[in-house]
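Q: This is what each chain is made of:
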Amino acid sequence: MSEEKRDYSRARTILATDCGSTTTKAILIQLIDGEYRQTHRGEAPTTVEAPFEDVTRGVLNAVREVEELADRQILDGDRILAPAEGDKGVDIYISTSSAGGGLQMMVAGVVKSMTGESAERAALGAGAIVMDVLASNDGRLPHQKISRIRQLRPDMILLSGGIDGGTISHVVELAEILHAANPRPRLGIGYQLPVIYAGNRDARQTIWETLSGSTDLTVVDNIRPVLERENLTPSRDKIHDLFMEHVMAQAPGYKKLMSWTDAPIMPTPGAVGAIIQTVADHYGITVVGVDIGGATTDVFSVFENTFNRTVSANLGMSYSVCNVLAEATLPNVLRWVPLEMDEAELMNSIGNKMIRPTTIPQAMEELQIEQAIAREALRLSFIQHKQFAVGLKGVQKERTISDAFDQSASGETLVDMMALDLLVGSGGVLSHAPRRHQAARMLIDAFLPEGITELAVDSIFMMPQLGVLSTVNEKAATEVFEKDCLVHLGTCIAPVGPTKKGRTVLEAKLTLPDGTVVGRTLKQGEMFLVPATHEEPVKAQLKPAKGLDLGAGKGHEIETELRGGVVGLIFDGRGRQPFVLPEEPVERIAKLREWSEATEEYVSPQPAAS
Amino acid sequence: MAHAYTPGLKVLRESKIQKTRLLPLKGKLRVQTGDEVTPNKVVAATELPGNVQMVNVAGQINIDPTDVGDCMLKVEGEAVAKGEPLARSKGIFGLFKSTLASPAEGTVESISSVTGQVVLREAPIPVQVDAYIQGKVVEELPEEGVVVEATGAFIQGIFGIGGERQGEIKVAVSGPAAVIEPADLDESCRGKVLVGGAYCSLAAFRRAMELEVAGIIVGGFNYQDLKPILGFDLGVAITGGEQIPTTLVVTEGFGTIAMAQRTFDLLGRHAGKIASINGATQIRAGVIRPEVIVPLTGGELEGVDARADSKLGIEENSLVRVIRAPYFGMLGRVRSLPPELREMESGTLVRVAEVELDGGHVALLPRANLEMVETD
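From first to last, the protein sequence lines are chains E and R.
Under this note's numbering, the first sequence has 212 at position 212, and the numbering climbs by one with no breaks.
Add 610 to a position in the second sequence, counting from 1, and you land on the number used in this note's numbering.
What the hints contain is simulated information worked out from the structure, not anything from laboratory work.
Warning: the hint list may mix true and false statements.
Simulated crosslink set (EDC-like; lysine to aspartate or glutamate; CA at most 20 Å straight-line) [claimed, not checked]:
(1) R:Lys837 to E:Glu345
(2) R:Lys620 to E:Glu53
(3) E:Lys256 to E:Asp54
(4) R:Lys837 to E:Glu327
(5) R:Lys629 to E:Glu53
(6) E:Lys501 to E:Glu526
(7) R:Lys780 to R:Asp796
So here's chain E without its partners, still in its complex pose (with noise of 0.2 Å):
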C-alpha cells in the first residue's frame, strides 16, 4: 500500500481479489469512455495450505492469469505496482477473504433467545462463522459448557446479557465460566484469546476483573441496552477489528497481503452482505441472496426493511460436500439426479470431491451431481435462515385487533417467499454453471419462490469484490453491479396451492415487446419457458385456478409486466406448498429429463426442420 493518501474516486483502474477457502478470483475493473467496466478476471487455487502456506501466491498467480489475459503489467516481480503509471500497475487494490476458513467465534448470551441471539446477529452480521451460542438458560451444566469452549477452540469470543440497569449476576456468571475453561485459541500457541464485553453496563467492573487477566478482553456498548432495542453496529465493528488485528494477522500470509491492500480486508460474507443491502436500497425491493462456496453457504435476505445473514458452516460444495450428503441423505440427493446411479459410486464421487476439492466436473454426468447436491446445500441453509431471521423477541409490539387475529407475534420468520422480489445466487457452482439456465434451475428448485419473482446470479462471482469496492468508491461499485456484475436470469412464475396431478393450474395471456400476443396454459407438472429480455418487459395477464394463488389472494387475476432475461420467464407447475416430486425412480427419472428439455438447462432447442 503507498504511504501518501491517494484520491481513490479519481482511479482509473482498481484490481479486487477474493480469497475463497478452494480458489482465488481477481478482478481487473477499468474506466472506460467514462464508466467503471470489469474486464478480466483470473483465478488461481488458493494456497493457505502446504507447501506454500502463504495466501498471497495465490493473489499472485490470479493476477499474473489477469496480466496475461489484459495483456498489462501488474506486478513487479511478487509486488503489486500501485498506484497506475501509464499502463502499468492499478490505482487502487482492495480484497476480501474467508480462506483459512474465516473467523469462528462463540457467542453468550443470558437469555438464548434474546440477548443469545443478538450475540449471534452481531456476529453474522460481521462475517463470522457461529459455532455455538451459550446461554444461562441452554440447559447445559457449567462443566458442559467449559468443556464445550476448550473443545471447539475459537478464534474470538462475543459475551454479552442483561440490560443497562438490570441484574447482573448472570452475565458475570458466564464470564466466571470462560475464565474457568481457559480457552485458547486456534492459531498460534502465544496469543491471548480475544474476548468481547458487550453486556450490561453496570457488569462490566466485575467482568473486567474476572476476565482480564485471561483474555485480550475489550468493553464496548451493550448489544441490547433495552429489551426493545438492538445496538450490534458496535460490536460488529469491534469483532471486524479484532478479526483483522489478531486472526488474519496469524493466518498464513496475512500480514503480508493487508499490507499491500488499500483497505482494509473484509471478510468475504460482509462484502456480499454489503451489495446485497445496496441492492436492496436501491432499488426498494425485498431480497434473498445467496452465496454457496467451497466450504459453507452464506444467505441474505432483506424483508420489512431488516437485514439477515445466516453462515451455514458446514455445508458447502467442496470442502463440506460431504456434509451436506448427510444432512440431506442420500435420497434427497438422488432425487435430482436424471439418470440411475449405483449409490456407492455416487458417495464416492462426492467423497473424492471432498478430498480433492479444487477439481472441477468434466464430464457431463459429474456435473449433474454436482448441481445435484448444490440444490439440496442451499435447501438447507435456507431452512436454517428461516428459522433464524425473526423478528425481535422479548419484545411487546403495539398490537391492532387486526394484528391479533392474524398471530403475528415478533419471533416468526421474516421470510415470505410470495412477497419475495428478487432472489440473487453467488458462488462457484451457480456464477460459473456451464449454462444460466442451470443456475436459474439450481435457484428455483432450492428455494422453491412463490408467486413472481425474479432470478439473477453474479456473473463471475465478483460481488465480494464489489461490497469492499463500495468502501472505497462507491461509484464504481454501483456502476460494475449494475453493468457487468448482475447478470439477469429472468423470473419465475409459481402458483401456490394444493391442486390435483394434470389439472389447469395458470392460464396466462403474454403480449411480447412486438405486439404478439400469446396464451399459454400451465398444468400441474409441468414446466415452460417463454423467452423473454430483461430490458423489454412482457406484458401478462395472469389467472391462476381457482384455490390456488399467484400474489393476489386465491383465484385472482394479475395483470402486470414480466421481465426475462438471458434464460426467460420460467413457468413453474410442479407445486408449492406442496412441491411435488414423483418417488418412484423411473416416473421420476423421465420427470427431471422432461423439466429439464423444458427450461432447455442442457442443450439449446434444436432447431426445427426447415
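The hints should help you fit chain R onto chain E, whose structure is shown.
A: Same frame as chain E, but now just chain R:
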C-alpha cells in the same frame, strides 16, 4: 507464464524428514539435541489443568452470594478432598447450620461473591508426546517440544483415518491392482503395516481391526464404508482422533483405484522394515495429509538428493496424475498447455493441459483435475 498449481502428494524414495513434536501446553523436555530416539520414546511431558467443577455454594446452603466468603471453610488455593466440608452456613442463632461437602477432590480456584459460585479444579491430567519416528533430536523448542529428524522414504496419502502407529511393513497382495480380502489377513498380520492394492473391503478392514493390524495402506476405499467403522457420517475431512485399532491410509481416492505403481514398489522395497504411519487428515487451512514414513539407516541410504524440488506449477513435460473422472488415477506427461479456454463435455470452459496418458492415449484435461507427481 501463469501456472495452475494443484498441490501434489509426495512419494519420495529418500528424503530428509522432520517431525515437530509439541505439547499442547508448556511442559518439560525429556530429551536433548543429539539424542537418538525410537518411535515410542517420550520426548516431552506436561500436565493439563484438571477438570473444573462449578459449585453453587450460595444456592446449596441457602445463603446470599455476598456471604459466601464468610461461610467458606477453605480459601482460594487450598486443597480439598471429596466429601470434605467445603462451606457451612451460620444458621439461625448458631442453630440449623447447613454444611456443603465438596463434590470432588481438587483445589479451590476462585470464590465469587457476585454469583455465589466456587470453582473447584480437579487434579491435573498428565500428557506426554513421543518421538513418533526413529531418528535423532535436532532441535529443542524449550518447554514446548522437539524436532526429530530422519532420512528415509516418505509417502503421502490422500485421505486417512486413525492416528499415529508403528509396525513392520508387510505386502499383503500380489500387485497394485489387487484387492485385500478378509482371507488375506491372519495372525501374522498382527501389529503390521499392511500394503494393499486397489481396494480394501469393509469386511477386510473389520478383520484387520480384530487382529489389531497397525495400519493398512491401500489405493481405494468406499466412502460409505467409513460410517460403520466410525459410527457416524464423515461430513468434513478432519480425522486422526478416531479410537480405532487400525490406521487407514488411502493413496488414490474413494472407489477401487489401483495404487500408483511407484508407491507400491517403494513400500514393497521396504517390506520388513518399521514404518511410522498416521491417518490424520485435515483438508482445510493448514492441510494435513496421511503419511507413511520409513526411516533408513547407514547402508540402506542411496545418497539421493535429500529434498525434492517443489516446482511451482504444471509445465510441459511435467509428470501428472489425473485426480477426477474420467481417467481417475492414471499417470501422464504434459505435452502442452494451451492458453485459451476449452469446453469440456460438461459444458464448463476451463484451462486445459494436453496430457499423454500411460498407454499412449492423449487427452485434453482440465488443469485443475491434474496433480503434480512429486518425486525425487
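Q: Please go over all the hints and tell whether each is borne out by the structure.
A: Hint check:
no., hint, result
1, R:Lys837 to E:Glu345, "holds (15 Å)"
2, R:Lys620 to E:Glu53, "holds (16 Å)"
3, E:Lys256 to E:Asp54, "holds (9 Å)"
4, R:Lys837 to E:Glu327, "holds (14 Å)"
5, R:Lys629 to E:Glu53, "holds (17 Å)"
6, E:Lys501 to E:Glu526, "holds (10 Å)"
7, R:Lys780 to R:Asp796, "holds (12 Å)"
Checked against the numbered hints given earlier, this structure breaks none of them.
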